[in-house]
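Position chain B with the ligands relative to chain A; hints supplied.
Chains as they are written, first to last, in our numbering: chain A, 1 to 327; chain B, 1 to 262.
Derived from the structure by calculation, the hints contain no laboratory data.
Model, not experiment: these values are computed from the prediction.
Careful: at least some of the hints might be erroneous.
Calculated lysine-lysine pairs in the PhoX-like style (CA-CA distance at most 20 angstroms, straight line) [claimed, not checked]:
#1 Lys249/B - Lys106/B
#2 Lys153/B - Lys291/A
#3 Lys54/B - Lys106/B
#4 Lys54/B - Lys153/B
#5 Lys260/B - Lys249/B
#6 Lys23/B - Lys145/A
#7 Lys54/B - Lys199/B
#8 Lys321/A - Lys229/A
#9 Lys284/A - Lys299/A
#10 Lys18/A - Lys284/A
#11 Lys321/A - Lys260/B
#12 Lys147/A - Lys23/B
#13 Lys291/A - Lys321/A
#14 Lys23/B - Lys284/A
#15 Lys106/B - Lys260/B
#16 Lys249/B - Lys321/A
#17 Lys299/A - Lys229/A
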Amino acid sequence: MGNNVLVIAEQRGGVLKKVTFELLGVGAALASRLGGSVEAALLGSGLDNLSEALAQHGAAKVYLADDPGLARYSSEGYCNTLAALIQTIQPAIVLAGATAMGKDLAPRLAARLGVGLASDCTDLEIDNGRLLATRPIFAGKALAKVKLNGDPQMATVRPNVLPVPAPDASRTPTVQPVAAVVDRIRARVVDIVSAGVGEIDVAEANIIVSGGRGVGGPEGFAPIRSLAKTLGAAVGASRAAVDAGWIEHSHQVGQTGKTVTPNLYIACGISGAIQHLAGMKTSKVIVAINKDPEAPIFKVANYGIVGDLFTVVPLLEQELKALLAEQ
Amino acid sequence: MNSIVCLKEVPDTETRIEIRGGKIVEEGIQYVVNPYDEFALEEALKWQEKFGGKVTILCLGPERARESILKGLAMGADEVYHLADPAFLGGDAYTTARALAAAIQKLGDYDIIFCGKQAVDEDNAAVGVMLAEMLDLPHVSVVSRFEIAADGKSARAERDIEGGREVVETPLPAVVTAQKGLNEPRYPSFRGIRQARSKPFTQWTVADLGLDAGGVGAAGAKLQVMEVLPPPDRPPGRVIPGEPAEAVKELVRLLREEAKVI
Ligand SMILES: Cc1cc2nc3c(=O)[nH]c(=O)nc-3n(C[C@H](O)[C@H](O)[C@H](O)COP(=O)(O)OP(=O)(O)OC[C@H]3O[C@@H](n4cnc5c(N)ncnc54)[C@H](O)[C@@H]3O)c2cc1C
Ligand SMILES: Nc1ncnc2c1ncn2[C@@H]1O[C@H](COP(=O)(O)O)[C@@H](O)[C@H]1O
Chain A
1 MGNNVLVIAE
11 QRGGVLKKVT
21 FELLGVGAAL
31 ASRLGGSVEA
41 ALLGSGLDNL
51 SEALAQHGAA
61 KVYLADDPGL
71 ARYSSEGYCN
81 TLAALIQTIQ
91 PAIVLAGATA
101 MGKDLAPRLA
111 ARLGVGLASD
121 CTDLEIDNGR
131 LLATRPIFAG
141 KALAKVKLNG
151 DPQMATVRPN
161 VLPVPAPDAS
171 RTPTVQPVAA
181 VVDRIRARVV
191 DIVSAGVGEI
201 DVAEANIIVS
211 GGRGVGGPEG
221 FAPIRSLAKT
231 LGAAVGASRA
241 AVDAGWIEHS
251 HQVGQTGKTV
261 TPNLYIACGI
271 SGAIQHLAGM
281 KTSKVIVAIN
291 KDPEAPIFKV
301 ANYGIVGDLF
311 TVVPLLEQEL
321 KALLAEQ
Chain B
1 MNSIVCLKEV
11 PDTETRIEIR
21 GGKIVEEGIQ
31 YVVNPYDEFA
41 LEEALKWQEK
51 FGGKVTILCL
61 GPERARESIL
71 KGLAMGADEV
81 YHLADPAFLG
91 GDAYTTARAL
101 AAAIQKLGDY
111 DIIFCGKQAV
121 DEDNAAVGVM
131 LAEMLDLPHV
141 SVVSRFEIAA
151 DGKSARAERD
161 IEGGREVVET
171 PLPAVVTAQK
181 GLNEPRYPSF
191 RGIRQARSKP
201 FTQWTVADLG
211 LDAGGVGAAG
221 AKLQVMEVLP
231 PPDRPPGRVI
241 PGEPAEAVKE
251 LVRLLREEAK
261 VI
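Pulled out of the complex, with its shape left as it was, chain A reads as follows (with noise of 0.2 angstroms):
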């Protein structure tokens, strides 16, 4: 077993996600612990340009599989390529972002590895010269710290959560091309849908501007809306505001909806069930509007304004707009 932390690179549509920055960031932290380097597995079809980005942002190597019978990610030919590379290269940690990828993948990967898997980490450390990880258990309302028996030890980390290195322009990408096994997929992806066009989905995004059940109907989404179209925010929403039919599941955020972690989250006309702060607690700055000073909301928000939705967020908007202006 070597002391090297790989990272599992994910790109979608040859675009690389942030997360994977942010694991390069803290696999290079585990990896001076180790006394080893991190390292980066990509996989897609048509990749070539995006080991530079890897590299800059602290990727010692580069591990390639480029084949058009990866161009769209399938957990039975990511989980293929990558069992024979890890097998190979014998990392002593292998990370994935906590993704929609990575949560697909990782488990199968840690079951044919034969290892256990520490899932949705927010935080990652060495201890006497194993993985220590946090994870968030019932939805965050604990913390539990788990180790790792058997190599590699394998964890999916949870997005937004870590910083990204700051990039160095001088260093340039050692690739080495891997060998693809596409010959055994059996599920199969036939297509993407997406949703709207220019839509930032919760988990992704930095600030997110969210309603439920006070915004009263779904036309009482467009100041909203339009307020997070102001800020470049995301769209979020209450289980009520769901459940009512008022907007799509993929807005949900909370416990059986996405948990997200954004810079800043707007909350208005949610009232703060547990099972909504479950999935949005960890958000570093909270805003609150409610017209119920009473209501649990205000119990985590930085802060809070008392007061009609329908009033108060235009009036932000208008106000965050003479800002932006004068910028």
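Below, chain B with the ligands alone, put in the same frame as chain A:
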């Protein structure tokens, strides 16, 4: 169309989790069927209505889980296999998947396995996918739309990804993990509740599955929980006073100068 539904019992999502001495306090916790497993079971029942066959619940968990399993039977499942041997307990996603896989191999004769996308206690979101690998089956995870072909030999699923959905085609048998939105789980009917207790209910031990007690449950776990901590408290927030226009101005200033997020 014979389906196996993996059903776990978890603390009610309303439960406040109390931590004492680096461990979760179990007294006072209310248990329910994992919400995602209700979507899994509903989906199995839906396709049973179309194709016939049987729906089998498979649960690894303590004796206590019987009540939740009965709810699954009351919803309409036909029979239960319960891995209640204490040796199965206290494991991780890997050992759980391994025990479930062994049970499924022993059951044989299935066309599809439905799991939830995640159990809302440990939030691993791993068991279903690990199970697929251990049984050498294809899988589709986090499925919000699902359709079995008329010949019952393949399926088409949509799974949620960031900013959209992937449409996946897979031959059967396969493992499917259910996301919210897939369906509306039915409520047990009075008749269902009455019949639940007379449906076949089998408990299997580690020996029944031909497994080694050292490889399952706490003894076989590959993930060791060193400590459980409460989440860090959020700093106390403040409500910004004043008329809406004033308050909003002050909010924007604070977001910019104090929080530095815009
Ligand atoms: C198993 C399970 C899973 C769940 N998962 C989730 C989940 O993932 N996400 C989730 O969000 N919930 C979830 N819930 C539901 C949760 O318990 C709450 O019911 C839900 O979050 C309430 O949504 P809300 O805050 O929008 O509505 P309410 O609780 O009804 O709150 C509406 C708020 O809007 C305020 N308001 C009304 N009008 C105005 C106005 N004009 N201006 C300003 N404020 C106004 C009110 O004062 C109130 O505080 C789950 C529940 C269960 C049982
Ligand atoms: N102990 C268990 N018994 C039965 N099914 C389980 C068990 N643990 C997990 N599962 C299944 O696997 C899914 C994902 O669980 P997890 O990986 O623990 O988040 C659950 O929704 C269940 O369908």
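Comparing the hints with the structure gives:
1. Lys249/B - Lys106/B: Given pair Lys249/B, Lys106/B is violated - Cα atoms ~66 angstroms apart, limit 20 angstroms.
2. Lys153/B - Lys291/A: violated, 54 angstroms
3. Lys54/B - Lys106/B: Distance of about 16 angstroms is within 20 angstroms: holds.
4. Lys54/B - Lys153/B: holds, 16 angstroms
5. Lys260/B - Lys249/B: holds, 15 angstroms
6. Lys23/B - Lys145/A: Judged against 20 angstroms, a Cα distance of about 11 angstroms means the pair holds.
7. Lys54/B - Lys199/B: holds, 12 angstroms
8. Lys321/A - Lys229/A: Holds. Lys321/A to Lys229/A sits at ~11 angstroms (cutoff 20 angstroms).
9. Lys284/A - Lys299/A: holds, 15 angstroms
10. Lys18/A - Lys284/A: holds, 18 angstroms
11. Lys321/A - Lys260/B: The given pair, whose Cα atoms are some 17 angstroms apart, holds under the 20 angstroms limit.
12. Lys147/A - Lys23/B: holds, 16 angstroms
13. Lys291/A - Lys321/A: Not satisfied, since the Cα-Cα distance of roughly 24 angstroms exceeds 20 angstroms.
14. Lys23/B - Lys284/A: Status violated; Cα separation ~27 angstroms.
15. Lys106/B - Lys260/B: Not satisfied, since the Cα-Cα distance of roughly 58 angstroms exceeds 20 angstroms.
16. Lys249/B - Lys321/A: Status holds; Cα separation ~12 angstroms.
17. Lys299/A - Lys229/A: violated, 27 angstroms
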